[in-house]
Amino acid sequence: MEMLFLLDKTVIAFVAFAITLLIATYSTYAERKVAAFMQDRVGPDRAGPFGILQPLADAGKFFFKEEIIPNTSDKFLFIIGPGISMLTALMTSVVIPWGGTLQIAGRDISLQVADLNIGVLYVFAVVSLGVYGIMIGGWASNNKYSLLGAVRASSQMISYELSMGLALIALIMMTGTLSLKEIVDQQHGMNWNVFYQPFGFLLFIICAFAECNRTPFDLPECEAELVGGYHTEYSSMKLGFYMFAEYINMFISSAFMASLYFGGYNFPFMDSLGLSQNAITIIGVFVFFLKIFFFIFVFMWIRWTIPRFRYDQLMKLGWQWMIPLALLNVFVTGLVILLTGN
Amino acid sequence: MSPIAFLILATLTISSALLVVFSRNPIYSVLWLVICFFSITGHYILLDAHFLAAVNLIVYTGAIMVLFLFVIMLLNLNKETEPHKPVYLKAAAVLSGSLLMIILAASLQGYANQPPAIISESFGTAKGVGKVLFTDFLLPFEVASVLFITAMVGSVILAKKHVND
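Chains A and B are the protein sequences, given in the same order.
Numbered per the numbering used here, the first sequence spans residues 1 to 342.
Numbered per the numbering used here, the second sequence spans residues 343 to 507.
Everything labelled a hint here was simulated from the structure, so no lab data went into it.
Note that CB positions come from ideal geometry on N, CA and C, so glycine has one too.
Among the hints, erroneous ones may be present.
[Unchecked claim] A few chain B residues that don't get close to chain A, going by computed Cβ distances all over 10 angstroms: (1) S365; (2) I400; (3) T403; (4) G404; (5) A405; (6) P428; (7) L431; (8) A468; (9) V485; (10) V488; (11) G496.
[Stated by the list, open to error] Restraint-style ranges between C-beta atoms, simulated for each label pair: (12) A:K144 / B:I445: 46 to 54 angstroms; (13) A:N71 / B:I350: 52 to 60 angstroms; (14) A:D40 / B:L475: 37 to 45 angstroms; (15) A:Q39 / B:L360: 49 to 57 angstroms; (16) B:F476 / A:D312: 37 to 45 angstroms; (17) B:V485 / A:D312: 35 to 43 angstroms; (18) B:V488 / A:R41: 56 to 64 angstroms; (19) B:S462 / A:L162: 27 to 35 angstroms; (20) B:R366 / A:E66: 31 to 39 angstroms.
Put together the whole structure using the sequences plus the hints.
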């Protein structure tokens with residue numbers, strides 16, 4: 001039984017890993033198609049029908065490009081930087097509940113790799129480690145623009161982590177648990193947390209944009225001021241790793257938002273359809289991925305709509321608006337819980 | 343399973359802690375310290391203190407060490423600016439360090455013969471730690487938070503060049 005359990009978890013971990021990579025790959029294609037749509041262009045359409053093979057062509061190009069490591073760089077750290085970015089980006093997917101439970105041969109198989117009782121904190125811990133890849137890469141390049149990009153990235157991520165945590169505290173106060181699985185199960189049917197915490201969700205999504213270094217908060221790689229930011233000196237697949245890590249982060253934070261605020265794999269009328277549990281679970285997985293794709297689309301939509309902030313505006317927003325508002329949200333949530341008695 | 347994990351983690355912790363001291367490059371020192379904290383987090387998990395492990399990772403590894411790295415990267419330390427301490431200071435440091443180690447070892451002497459502690463179901467979870475913090479240790483907890491406020495106010499005052507009344 002123990003062996004079977006380990007086998008299940010290994011299979012789920014590998015599938016989650018493969019899906020994460022696949023979705024990150026196709027996010028690059030989606031990003032270019034969405035950009036093209038927003039700007040009234042066609043977008044990539046040469047490789048395969050509708051350009052569907054474009055990500056593969058891009059990856060091939062990344063692999064065969066000449067690799068340049070600057071002479072003055074710290075070689076070991078220069079090489080390990082993108083690796084750390086990729087590693088931390090991929091580590092978060094273990095606690096995300098991809099679906100309910102499947103019944104195969106009389107056994108219940110939960111579609112989640114690990115149901116930690118500190119799931120939300122685990123995600124936070126791994127996200128806070130993500131900044132090391134950028135900082136190490138930026139410093140090891142021995143280039144002033146890279147260093148400035150790295151410093152911007154780290155101060156931005158630390159600043160927005162605070163308000164992200166405070167936005168989540170209000171949610172945790174409501175759910176009373178840190179386990180992602182339990183949080184999702186509490187939102188059964190249409191009982192989604194976003195209806196109780198709309199303001200918290202707004203704060204959370206803003207912080208998620210800042211944590212992923214996406215526009216309007218992509219100051220770390222602001223090409224108008226810093227050439228390319230922390231990855232100025234990078235070429236070939238190392239640059240690919242940094243860009244890929246960004247797309248993985250985007251996917252994971254979309255999954256995180258969908259499971260925390262939008263009910264995860266729950267969908268309306270799931271009890272009144274009269275389907276078996278396996279069917280409900282499989283539909284739930286599809287629904288979960290639809291929600292994730294919607295959030296990925298929002299990420300892209302905003303990137304091609306809103307120009308980026310100035311750096312002092314970004315810091316001002318983070319410290320003088322986001323944190324007080326998040327604290328206010330915590331206070332109001334606490335007051336409501338106290339008055340209504342649950 | 344867990345004795346092997348402990349041995350691996352202990353080796354990692356001690357060797358990375360030694361490398362913090364022996365690295366010539368301060369950036370590498372900081373990075374080894376990060377790895378040291380990371381392996382200490384592993385020890386917390388082995389001891390069932392899950393909440394503490396997560397908080398250690400978030401606060402120390404994720405925030406404080408990033409600020410450390412931040413400052414050292416901007417200082418641009420190199421061979422020319424390396425400080426040279428006189429010999430008597432080095433000797434004094436070695437002596438006091440050894441004394442501290444003797445005291446720590448002596449204080450742990452009786453622990454090997456004690457039976458393992460019995461822990462409750464909620465030990466180490468966020469729920470368990472929260473309950474203990476807000477019942478048994480409420481006063482120390484609140485006093486510690488006052489200490490933090492003091493530190494924050496102090497740093498704001500230091501950072502502001504001209505404080506107008």
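Hint check results:
1. S365: Fine: 12 angstroms to the nearest Cβ keeps S365 (chain B) off the interface.
2. I400: At roughly 5 angstroms from the nearest Cβ of chain A, I400 (chain B) sits no farther out than 10 angstroms, so the non-interface label is violated.
3. T403: violated, 6 angstroms
4. G404: violated, 3 angstroms
5. A405: Given a closest Cβ separation of 6 angstroms, the condition is violated.
6. P428: P428 (chain B) is indeed farther than 10 angstroms from all Cβ atoms of chain A, at 31 angstroms.
7. L431: holds, 30 angstroms
8. A468: Non-interface label fails for A468 (chain B): nearest chain A Cβ at 5 angstroms, not farther than 10 angstroms.
9. V485: The claim stands: V485 (chain B) keeps its Cβ more than 10 angstroms from every Cβ of chain A (closest is about 21 angstroms).
10. V488: About 18 angstroms separates V488 (chain B) from the closest Cβ of chain A, which puts it past 10 angstroms; holds.
11. G496: Since the minimum Cβ distance to chain A is about 18 angstroms, G496 (chain B) lies beyond 10 angstroms and the statement holds.
12. A:K144 / B:I445: 46 to 54 angstroms: The hint (46 to 54 angstroms, Cβ to Cβ) holds, given that K144 (chain A) and I445 (chain B) are roughly 47 angstroms apart.
13. A:N71 / B:I350: 52 to 60 angstroms: violated, 37 angstroms
14. A:D40 / B:L475: 37 to 45 angstroms: violated, 57 angstroms
15. A:Q39 / B:L360: 49 to 57 angstroms: holds, 56 angstroms
16. B:F476 / A:D312: 37 to 45 angstroms: Since F476 (chain B) and D312 (chain A) have Cβ atoms about 39 angstroms apart, the given range 37 to 45 angstroms holds.
17. B:V485 / A:D312: 35 to 43 angstroms: Once the Cβ atoms are compared, 36 angstroms apart, the range 35 to 43 angstroms for D312 (chain A) and V485 (chain B) holds.
18. B:V488 / A:R41: 56 to 64 angstroms: Since the Cβ atoms of V488 (chain B) and R41 (chain A) sit about 59 angstroms apart, the hinted range of 56 to 64 angstroms holds.
19. B:S462 / A:L162: 27 to 35 angstroms: Holds: the Cβ-Cβ distance is about 32 angstroms, inside 27 to 35 angstroms.
20. B:R366 / A:E66: 31 to 39 angstroms: holds, 32 angstroms
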